[in-house]
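Protein chains: 2
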Amino acid sequence: MDDQPLVTYVDVTAEVPSLQDNTADIDRLRRALVLPPSCRERPLLVPYGRCAEVAAGFRDSGFRGTAVVNVLPHGVELVDFLPSRPQVLPGMALDLGTTHLEATLIDLLTGERLGHGHAENQQIRYGADILSRIHYATSSGPDGRNGLGELQEAVIRSITSLAADLAREAGLKTGDIRALSVSGNTTMVHLLLRLSPYHICREPYIPLINAPDPLFAEELGLGLAPRAPVVILPSIGSYFGGDLISGILASGLDQADRVSMLIDVGTNAEVVLGNREWLIACAGAAGPALEGGVAKMGMRAGPGAVEHVHIDTDTWELGYRTIDNAPPVGICGSGMIDLVAELYLARVIDLRGKFRRGGPSDPPGFHRFVEKHLTTMDGETCFVIAPAAESGTGELVVLSQVDLDAMMRSKAAMYAILTTLTGQVGVRFEDLERIYVAGAFGKHINPRQAIVLGMLPDLPLETYQGIGNSSLKGAELVLLQESARQRSLEIGQKITYIELNVNQDFMICFSGSRFIPHTDPSLFPSVPVFSGD
Amino acid sequence: MDDQPLVTYVDVTAEVPSLQDNTADIDRLRRALVLPPSCRERPLLVPYGRCAEVAAGFRDSGFRGTAVVNVLPHGVELVDFLPSRPQVLPGMALDLGTTHLEATLIDLLTGERLGHGHAENQQIRYGADILSRIHYATSSGPDGRNGLGELQEAVIRSITSLAADLAREAGLKTGDIRALSVSGNTTMVHLLLRLSPYHICREPYIPLINAPDPLFAEELGLGLAPRAPVVILPSIGSYFGGDLISGILASGLDQADRVSMLIDVGTNAEVVLGNREWLIACAGAAGPALEGGVAKMGMRAGPGAVEHVHIDTDTWELGYRTIDNAPPVGICGSGMIDLVAELYLARVIDLRGKFRRGGPSDPPGFHRFVEKHLTTMDGETCFVIAPAAESGTGELVVLSQVDLDAMMRSKAAMYAILTTLTGQVGVRFEDLERIYVAGAFGKHINPRQAIVLGMLPDLPLETYQGIGNSSLKGAELVLLQESARQRSLEIGQKITYIELNVNQDFMICFSGSRFIPHTDPSLFPSVPVFSGD
Chain C
1 MDDQPLVTYV DVTAEVPSLQ DNTADIDRLR RALVLPPSCR ERPLLVPYGR CAEVAAGFRD
61 SGFRGTAVVN VLPHGVELVD FLPSRPQVLP GMALDLGTTH LEATLIDLLT GERLGHGHAE
121 NQQIRYGADI LSRIHYATSS GPDGRNGLGE LQEAVIRSIT SLAADLAREA GLKTGDIRAL
181 SVSGNTTMVH LLLRLSPYHI CREPYIPLIN APDPLFAEEL GLGLAPRAPV VILPSIGSYF
241 GGDLISGILA SGLDQADRVS MLIDVGTNAE VVLGNREWLI ACAGAAGPAL EGGVAKMGMR
301 AGPGAVEHVH IDTDTWELGY RTIDNAPPVG ICGSGMIDLV AELYLARVID LRGKFRRGGP
361 SDPPGFHRFV EKHLTTMDGE TCFVIAPAAE SGTGELVVLS QVDLDAMMRS KAAMYAILTT
421 LTGQVGVRFE DLERIYVAGA FGKHINPRQA IVLGMLPDLP LETYQGIGNS SLKGAELVLL
481 QESARQRSLE IGQKITYIEL NVNQDFMICF SGSRFIPHTD PSLFPSVPVF SGD
Chain R
1 MDDQPLVTYV DVTAEVPSLQ DNTADIDRLR RALVLPPSCR ERPLLVPYGR CAEVAAGFRD
61 SGFRGTAVVN VLPHGVELVD FLPSRPQVLP GMALDLGTTH LEATLIDLLT GERLGHGHAE
121 NQQIRYGADI LSRIHYATSS GPDGRNGLGE LQEAVIRSIT SLAADLAREA GLKTGDIRAL
181 SVSGNTTMVH LLLRLSPYHI CREPYIPLIN APDPLFAEEL GLGLAPRAPV VILPSIGSYF
241 GGDLISGILA SGLDQADRVS MLIDVGTNAE VVLGNREWLI ACAGAAGPAL EGGVAKMGMR
301 AGPGAVEHVH IDTDTWELGY RTIDNAPPVG ICGSGMIDLV AELYLARVID LRGKFRRGGP
361 SDPPGFHRFV EKHLTTMDGE TCFVIAPAAE SGTGELVVLS QVDLDAMMRS KAAMYAILTT
421 LTGQVGVRFE DLERIYVAGA FGKHINPRQA IVLGMLPDLP LETYQGIGNS SLKGAELVLL
481 QESARQRSLE IGQKITYIEL NVNQDFMICF SGSRFIPHTD PSLFPSVPVF SGD
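Protein chains in written order, with full-length UniProt numbering: chain C, 1 to 533; chain R, 1 to 533.
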């Protein structure tokens, strides 16, 4: 079975018109078009807006050349006719994040990446997070016309400008981009489509739409080819967006025989469990500390973010590494996990996640180390990672007790989410074939350190697999494979979503997880437990 | 099998959202929508441009009400949601003529006519006939942008204004009209769609499109409901338009077991022959004289047009009737046929179609009659129908020898067309179950008189059936029945078109038909033949 990209080329050689064969141009082209086998059962449509161009292209090419064909579920659309087959068929895959856009330009003929880029979501000026955007969009009333329009225009500008950058770098024009796939959270999709997000954040949290039908670039005012299909990854609900469906696609969770798990940590921790038979998912507020958004010195992974920390308990030296080896300015999620795990293993924090200054049983090196690194700022105990002289800001780079407390809550929430979800279906952690960890978090995290903290289950390290920006990867798959487009809809149909906020098991689990590694250390046989204190 | 109109209402009662059932609004509506059986296999689509309105309507109605659904071949579209089912579902059927538009407003729920109206085609100012329109449309070059745009805007204005009239008279708003079907000749359809008609009138006479996919009112800038589907009756070729497909639909020619014939006389005579198994068609220039467009006093059927003439050869009195009993101003096609047949039967013209002043064998009454009615104007013999004192113009109403010659050519062409077409498939006139005669011509013509002239075959009068404006009737059927929409496409596929201009048989037939009734009078046993002269 051929697995068609969202847009494809079909070479055509038609009979030249004559008095004996005076079929109309468009009908002649339809007749001569030999579609790929998987498309032949579908209606062949010529959208009104493309008739004139298609017919002119066909005639000007002497009734032979290359048809540009949109492969949509309800039909195959003839949208352009070119005198010869171009070398590439560019499509854009977009991860539409609340703060950042990441996109690739993909050749739909080969799957090759023609370009890759980032941009800020220009909606930022209307609010940093989802809730403030929803507020802005709906500020002029429940139907929220004006704010909504501004937000749509802002994200359309962002996308068009990113598309222009990608095209230019690939030696193409923006209008050469013939397809777009978008993977984003439910609110970002609503704002892109100018659909009111009013009810998304209000009980019972109902989106306006989960699975939009394919639409077209010209309907959104994007600068791509006018009839470029825009495919939007479906959402499951207000707090479970197409970005996660993308992650499922990218991981292949929905196609495996054995059960695996997918963890995506963004503003929320979103977790999916399942296999080809069933899928279950939940989302919970485990993210902020892990994303670096809450801690005093917390930051997103970027230049100068401390991403790796090591404490040598022989020499009592602290080593760290920053992104791009820039002078340290803060600490990102993976650095935070590294640091807290190292502090625990060095016994600088206890199993409740509190800083300890040690006692007589601690070695002299420990005392020197604590003396050097623990300080008090604004009445709060802080751990100094880098002195002011070393830092990029001229100030200390520290982890405060408050930050540590937030981190403890996040790690507890994460483990409780994983435990609750697996518990719902009676799957044990040991039964998992793989745990896919998505996003920047998955790329940088050291699973061993997360296990030490009791954040991730104590499984062989090869169980864990970082899959990078799976939102973007899923969007790429959707551009390239009709099977992936079908899977995205099937996943949306098949998945069961659990609301953790109302879940009793979760709250019990969460309480038990607020120790390092856990109140029940037998769950973490590989992690040393320090008694006493 | 249910036979769906182009748009239908579907009553919906959906579950109210809750934390336990937090499906998105649009997805909830899709889930709750129980389509008519014939629509269930099709994809259910919600066009992007209608999402916000559909969702708002659904929510504001408390998740129950009436969905407005477009029934298209490639899918069923959810385009609106109303709190309750309106009493009517208005659609507009349009006969889009070169000079006139005729339309009805139809309730798609019942088939009832809600209104009926006429308007001028505002393209008239750019040229009276098809060729001058094509010239204007393409005057700025083969792609003809500017003229084409003006012509499109003119016809769109005409349609919108007629729609507004129909809606107002029915107590509705133009935006309440939820569907449009258009039946017109190939060129009118091209101009409506802003598609270049350049090649329509140039050998080998290739239209740009024969069978456009359904489009939407908003794409044309019509003032109807934005997503009102616009269905255009398909054409067969440059000279065989959707108006004739409409005629086939209206007559049911394509569904009968026995062979019948359809004759539509407009600018051309268009003739179709066939049954449920096969259809064959041709068009020829038989029309101008019959339409009254060529003769000196010729006119379209309208007030003051002489439509019926009788010569009493006992009293030698001439009687005539005009449309609306207005003072005579000219003579329409049916009046022309009546007049010429009566003149022949009164022996005022001979079998070659020439005026005769008679001889010794003619009775005295004949001589008085000829003395009174034959005159010479500008050196040409003319027959006076009404003296200047009686006429609406203050001038004589006459038929000149030149007019008579044109009429003879037209009647010969008509008979030759019918003979050639039946000859192609070996059907004898006697085998025909019915001869449907479409248009104003069909409405007013007296078949007996046309038989006397040798224009129509000498068959029992009940064979002939006038079917009025079958272009409009076909457009109505297409609004009301999916089966009619399918038939229109099947007819387009099935029909064989014969080009008469290049047909040898036709030319031979045409020569033999230039006598009254024919050079072979045995073909017209019921018509008296006057020997001598």
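Do not take every clue at face value.
No copy labels: a pair is met if it fits in one copy or bridges any two.
To be verified - Cross-link-like lysine to aspartate or glutamate pairs, in silico, DMTMM-like; alpha carbons within 25 Å at most:
1) LYS494 with ASP21
2) LYS372 with GLU390
3) LYS494 with ASP27
4) LYS443 with GLU433
5) LYS494 with GLU15
6) LYS354 with ASP312
7) LYS494 with GLU277
These are calculated hints, taken from the structure and not from any lab test.
Please read all numbers here as calculations on a predicted model, not as lab measurements.
Each hint, compared with the structure:
1. LYS494 with ASP21: Intra 51 Å, inter 15 Å, cutoff 25 Å: inter-copy only.
2. LYS372 with GLU390: within (15 Å within a copy, 124 Å between copies)
3. LYS494 with ASP27: between (41 Å within a copy, 14 Å between copies)
4. LYS443 with GLU433: Intra 19 Å, inter 80 Å, cutoff 25 Å: intra-copy only.
5. LYS494 with GLU15: between (48 Å within a copy, 20 Å between copies)
6. LYS354 with ASP312: Result: close within a single copy only, 20 Å intra versus 123 Å inter.
7. LYS494 with GLU277: The answer is within: 9 Å in one copy meets 25 Å, while 48 Å across copies does not.
Checked against the numbered hints given earlier, the structure satisfies every one of them.
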